[in-house]
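Colleague: Start from the sequences, fold in the hints, and give me the full structure.
Which chain is which? The protein sequence lines are A and B, in order.
Under this note's numbering, the very last position in the first sequence is 151; numbers go up by exactly one each time.
Under this note's numbering, the very last position in the second sequence is 334; numbers go up by exactly one each time.
Think of the hints as simulated: they come from the structure by calculation, not from any bench.
Since the model is a prediction, treat every value here as computed from it, not as a measurement.
One or more hints might be untrue.
Said to hold, decoys possible - Pairs of lysine to aspartate or glutamate, EDC-like flavour, derived with a Cα cap of 20 Å:
id: 1; chain 1: A; residue 1: K32; chain 2: B; residue 2: E286
id: 2; chain 1: A; residue 1: K32; chain 2: B; residue 2: E306
id: 3; chain 1: A; residue 1: K32; chain 2: A; residue 2: D143
id: 4; chain 1: A; residue 1: K32; chain 2: B; residue 2: D252
id: 5; chain 1: A; residue 1: K32; chain 2: B; residue 2: D211
id: 6; chain 1: B; residue 1: K291; chain 2: A; residue 2: E130
id: 7; chain 1: B; residue 1: K291; chain 2: A; residue 2: E129
id: 8; chain 1: B; residue 1: K291; chain 2: A; residue 2: E108
id: 9; chain 1: A; residue 1: K49; chain 2: A; residue 2: D143
id: 10; chain 1: A; residue 1: K32; chain 2: A; residue 2: D92
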Amino acid sequence: MRAISRLLIVVICLSVSGCSINRATGTFDPGKDLVNSDIFYVERFAPDKRELNKTIADGINVRGYTATFGPAGEAPDDATVIVTYVDKWMWDITNYMIELTITFRDPESGAALGSGNSYHTSLTRLSPEEMIEEVLTNIFSADTGEEPAEG
Amino acid sequence: MTDVRRVAAHFVAALATSTLLFAGCSTPARPDRMTSEAAPITESAEPPQIATVFVTVYGDDVGGFASHFIPLPRSDFEKALLDTIAGSRLFAATSDPAAADYALNVGLISLVVPQWSGTATLETSWSITTPVAREEISRKMVRTSSPSPFSRQREATENSAKTNIAAGLKWLAEQLGPREDQG
Numbered sequence: 001m002r003a004i005s006r007l008l009i010v011v012i013c014l015s016v017s018g019c020s021i022n023r024a025t026g027t028f029d030p031g032k033d034l035v036n037s038d039i040f041y042v043e044r045f046a047p048d049k050r051e052l053n054k055t056i057a058d059g060i061n062v063r064g065y066t067a068t069f070g071p072a073g074e075a076p077d078d079a080t081v082i083v084t085y086v087d088k089w090m091w092d093i094t095n096y097m098i099e100l101t102i103t104f105r106d107p108e109s110g111a112a113l114g115s116g117n118s119y120h121t122s123l124t125r126l127s128p129e130e131m132i133e134e135v136l137t138n139i140f141s142a143d144t145g146e147e148p149a150e151g
Numbered sequence: 152m153t154d155v156r157r158v159a160a161h162f163v164a165a166l167a168t169s170t171l172l173f174a175g176c177s178t179p180a181r182p183d184r185m186t187s188e189a190a191p192i193t194e195s196a197e198p199p200q201i202a203t204v205f206v207t208v209y210g211d212d213v214g215g216f217a218s219h220f221i222p223l224p225r226s227d228f229e230k231a232l233l234d235t236i237a238g239s240r241l242f243a244a245t246s247d248p249a250a251a252d253y254a255l256n257v258g259l260i261s262l263v264v265p266q267w268s269g270t271a272t273l274e275t276s277w278s279i280t281t282p283v284a285r286e287e288i289s290r291k292m293v294r295t296s297s298p299s300p301f302s303r304q305r306e307a308t309e310n311s312a313k314t315n316i317a318a319g320l321k322w323l324a325e326q327l328g329p330r331e332d333q334g
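Modeller: Structure representation (structure tokens):
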């Protein structure tokens, strides 16, 4: 019986260890800088039913920039940065956002100027608002050359 | 009690077997397999050198997180890019910005891999700037896809990098190469 108990402990430890993975990254093209006159447009990710693009636009606006949001491909002509994102959700007792990637893009080429990613598994889950805040903070920090926030 | 021990022994054997099976998942990708010799940028045996570039690769390691696929480290991608540039003979890389004709910035953006088998998609952002003033000349999103079978996880990551580097350098050659209308 003692052997089984030990095995159970090992199995539980192995199972739960995967539940507390945290990762937060942010990067920005060193040859490019955001300026206060930049106008952002946050494109809705097609499968997203929660209107996260609105929350992302709010997060950019509070940083002193101008950001609007809407469907993909309908950015205003004066937009200087297009923001895209991909959110992934998992089920563990309740539904939660496990991963969020936000990318700032050049409107003409579609090429990325900067990108950020947050990954938090079940035991350390964050709300969508907290995930968005974390990713945006890391992208803007990367632009100014600061260290990314801890995940 | 004997039965309990037998069950425990089987369980330990199963655990050891699965550990050995999945040990391959943690094998790192090989940068030398990411150079695009198999996908030459030019057909010419003696291509004329176009320019000297100061290369910066930025971004974090991508892909392979929360997946059984192998991640692509930024340092491996950078090494493969520099090796491919050297092998291409179209470009030369320099570590001195003042000695370069152009600066090339390549950002590792994302490597999306399938849950089991399918296609891996690597996105990078390439920009050419003047070497010192860093004025942007051109920018390009390079997004390439390659097959990612479950049994070839490491190769899937390596092929993604190789295909992407080849596509990016082809674009670079088109941007900086001699134009036909220039004779």
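Colleague: Which hint numbers doesn't this structure obey?
Modeller: Violated: hints 2, 6, 7, 9, 10.
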